[in-house]
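Given chain A, put chain B in place with the hints provided.
Residue numbers (UniProt numbering), protein chains in the order written: chain A, 1 to 207; chain B, 1 to 207.
A portion of the hints provided could be inaccurate.
Mimicking DSS-like on lysine-lysine, the simulated pairs with C-alpha atoms at most 25 angstroms apart in a straight line are [what the hints assert, rightly or not]:
(1) A/LYS92 / A/LYS110
(2) B/LYS14 / A/LYS72
(3) B/LYS14 / A/LYS109
(4) B/LYS138 / A/LYS14
Quick caveat, the hints were computed from the structure, so don't treat them as lab data. It should be emphasised that the depicted structure is a prediction, and the values quoted were computed from it without experimental measurement.
2 protein chains.
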Amino acid sequence: MDIKNMPLKEFCDKVAEKSPVPGGGAVGAVVAALAASLNQMVANLTIGKKKYVDYQEIMEEVLEAMEYSRNKLQEIAMKDIEAFNEVMKAIKMPKDDPSRERILQEALKKAADIPFELAREARNILRYCQNTCRWGNKNAISDAYSAAELAKAAYRIAMYNVLINLKSIKDKEFVEKYITELEELKNEVRGFYTDIRELVKENGFEI
Amino acid sequence: MDIKNMPLKEFCDKVAEKSPVPGGGAVGAVVAALAASLNQMVANLTIGKKKYVDYQEIMEEVLEAMEYSRNKLQEIAMKDIEAFNEVMKAIKMPKDDPSRERILQEALKKAADIPFELAREARNILRYCQNTCRWGNKNAISDAYSAAELAKAAYRIAMYNVLINLKSIKDKEFVEKYITELEELKNEVRGFYTDIRELVKENGFEI
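If we strip away everything but chain A, and leave its shape as in the complex, we get (with noise of 0.2 angstroms):
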């Protein structure tokens, strides 16, 4: 499946249909790939302008980390649904088939460490759109806020996609450690979204 040639309509189209692929995986990888445009965005529009000639560095360090991060993403949702598929022929295997278990387990792993990649990219955005937040030109200020929503609920759909296959995962040590890394990964997440919570109230756009 071509997500990145495939048109916004059509693409909402294929989430709705009665199948479980694409799905919210696929989904939070554009919605991450929609926040790293948007903070790209703002850092373009902050990038040339007299008044911020001190965050220059720092405006072009987002675009670049951007960048990759699109990249990235687009990898990311064409293996998610790759992996989902692979789960989807291993539980299809006759339950008697004595390899069934075995090459269902190394699916149900690999489906949960696609996610788990799209955990990291999205903190990765997040820890970015607190420069725009912070630094970005004001006149867009409203979309690097915006970035920050959809960085912020990629990680979330990523965390709820990573959990959903840890829990037909029988590898308790697997399990613990992807625990362990996602709580990490979450107080992580939750020290920058509560930073720029604390710029939006400062700046008026909590209402």
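Only chain B this time, still in chain A's reference frame:
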């Protein structure tokens, strides 16, 4: 700009470039459409399943409401860009033109109206997410939770976009009316989202 037929990658590129449109408003409408689509998917995966026979009617209602929202959101995305362009046109009028201020104020009011419509749609979608989060197919429950995160993010994006326009509107009555209505919407959104977060916790999707 024909957003609905635009390939996803191209839409992201257009958002990211050094031009304020498409910006947060159009992106918010697209994200709300993704929320509606995911919610629709969960309803579709619940309908016709024996285990969920008691909730067929509720899920049919979800389908109908999400179709309606998605059509509305396509319009909102287009109108958001048009409204912004009208504001820019007014800003570029000669400063000594006696009709400039009146035309600008009218354009700003229109530009606040469109994200307000988005806020209402996001609230509606979130209301219907309650149904899928509570009674939807458990195999797709992470998708129902994901839809809720996106609807809530779309609501906040809408709020930021209403507020950035209100800041330049001089008609105090208009501003106060909008702030009051936003407060009401915010309370509704908070109520729906709090309920959904309870379900998320109960089902072990919060770490």
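A quick look at each hint next to the structure:
no.: 1; hint: A/LYS92 / A/LYS110; verdict: holds (17 angstroms)
no.: 2; hint: B/LYS14 / A/LYS72; verdict: holds (18 angstroms)
no.: 3; hint: B/LYS14 / A/LYS109; verdict: violated (36 angstroms)
no.: 4; hint: B/LYS138 / A/LYS14; verdict: holds (20 angstroms)
Comparing the model with each numbered hint stated earlier shows that hint 3 is the single one that does not hold.
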